[in-house]
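Position 9 of the sequence shown, counted from 1, bears residue number 9 in full-length UniProt numbering, the numbering being contiguous throughout.
Derived from the structure by calculation, the hints contain no laboratory data. Check the hints yourself; a few may be wrong.
[What the hints assert, rightly or not] Straight-line alpha carbon distances no greater than 25 Å define the calculated SDA-like cross-link-like pairs of lysine to any residue that follow:
| no. | residue 1 | residue 2 |
| --- | --- | --- |
| 1 | Lys-55 | Phe-22 |
| 2 | Lys-4 | Thr-38 |
| 3 | Lys-55 | Asn-69 |
| 4 | Lys-4 | Ile-40 |
| 5 | Lys-27 | Gln-67 |
| 6 | Lys-2 | Leu-39 |
| 7 | Lys-2 | Thr-38 |
| 8 | Lys-27 | Phe-12 |
| 9 | Lys-27 | Ala-42 |
| 10 | Lys-2 | Ile-40 |
| 11 | Lys-2 | Thr-58 |
| 12 | Lys-2 | Gly-41 |
[As the list claims (entries may be wrong)] Okay, the calculated beta carbon distance ranges per label pair:
| no. | residue 1 | residue 2 | range |
| --- | --- | --- | --- |
| 13 | Phe-12 | Gln-67 | 25 to 31 Å |
| 14 | Glu-26 | Gln-61 | 14 to 20 Å |
| 15 | Met-1 | Ile-40 | 33 to 39 Å |
| 16 | Leu-39 | Ser-60 | 21 to 27 Å |
| 17 | Met-1 | Leu-39 | 36 to 42 Å |
| 18 | Gln-61 | Ile-34 | 29 to 35 Å |
| 19 | Ile-34 | Thr-5 | 34 to 40 Å |
| 20 | Asn-69 | Leu-14 | 30 to 36 Å |
| 21 | Gln-67 | Leu-31 | 24 to 30 Å |
| 22 | Gln-67 | Ile-44 | 37 to 43 Å |
| 23 | Ala-62 | Cys-37 | 20 to 26 Å |
For every residue, glycine included, the Cβ atom is placed at its ideal position computed from N, Cα and C.
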Amino acid sequence: MKDKTTAALLAFFLGGFGVHKFYLGEKGGVLRIILTCTLIGAPISGVMALIDFIKLLTMSQADFDAQYN
């Protein structure tokens with residue numbers, strides 16, 4: 001079972017690389033790695049990770065379980 005807190009921490013610390021997407025079983029992590037490797041895409045990837053972090057923090061446990069578990 002995936003843990004909401006772990007996903008949020010991964011999004012905060014390693015979200016620019018899409019690690020939280022891999023943890024949650026989403027394919028968007030590959031796109032994050034490609035974006036992060038480009039000079040222009042790195043800030044975009046960081047903003048996307050921050051949005052995911054906030055989304056994970058504000059999501060209820062029931063919604064998280066329904067979507068990812």
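So, going through the hints one by one against the coordinates:
1. Lys-55 x Phe-22: holds (16 Å)
2. Lys-4 x Thr-38: At roughly 29 Å apart (the allowed maximum being 25 Å), Thr-38 and Lys-4 break the hint.
3. Lys-55 x Asn-69: holds (17 Å)
4. Lys-4 x Ile-40: violated (30 Å)
5. Lys-27 x Gln-67: holds (15 Å)
6. Lys-2 x Leu-39: Between Lys-2 and Leu-39 the Cα gap is close to 32 Å, so the pair fails against 25 Å, i.e. violated.
7. Lys-2 x Thr-38: Answer violated: Lys-2 to Thr-38 is near 30 Å, above 25 Å.
8. Lys-27 x Phe-12: holds (18 Å)
9. Lys-27 x Ala-42: holds (18 Å)
10. Lys-2 x Ile-40: Judged against 25 Å, a Cα distance of about 32 Å means the pair is violated.
11. Lys-2 x Thr-58: Judged against 25 Å, a Cα distance of about 16 Å means the pair holds.
12. Lys-2 x Gly-41: Outside the cut-off at roughly 28 Å; violated.
13. Phe-12 x Gln-67: 25 to 31 Å: violated (19 Å)
14. Glu-26 x Gln-61: 14 to 20 Å: holds (19 Å)
15. Met-1 x Ile-40: 33 to 39 Å: Holds: the Cβ-Cβ distance is about 37 Å, inside 33 to 39 Å.
16. Leu-39 x Ser-60: 21 to 27 Å: 38 Å Cβ-Cβ, so the 21 to 27 Å window is violated.
17. Met-1 x Leu-39: 36 to 42 Å: Since Met-1 and Leu-39 have Cβ atoms about 38 Å apart, the given range 36 to 42 Å holds.
18. Gln-61 x Ile-34: 29 to 35 Å: At 32 Å between Cβs, range holds.
19. Ile-34 x Thr-5: 34 to 40 Å: Hint violated: Cβ distance 27 Å, outside 34 to 40 Å.
20. Asn-69 x Leu-14: 30 to 36 Å: violated (21 Å)
21. Gln-67 x Leu-31: 24 to 30 Å: violated (19 Å)
22. Gln-67 x Ile-44: 37 to 43 Å: With a Cβ separation near 24 Å, Gln-67 and Ile-44 fall outside 37 to 43 Å, so the hint is violated.
23. Ala-62 x Cys-37: 20 to 26 Å: Violated, since Ala-62 and Cys-37 (Cβ atoms, about 36 Å apart) do not stay within the stated range.
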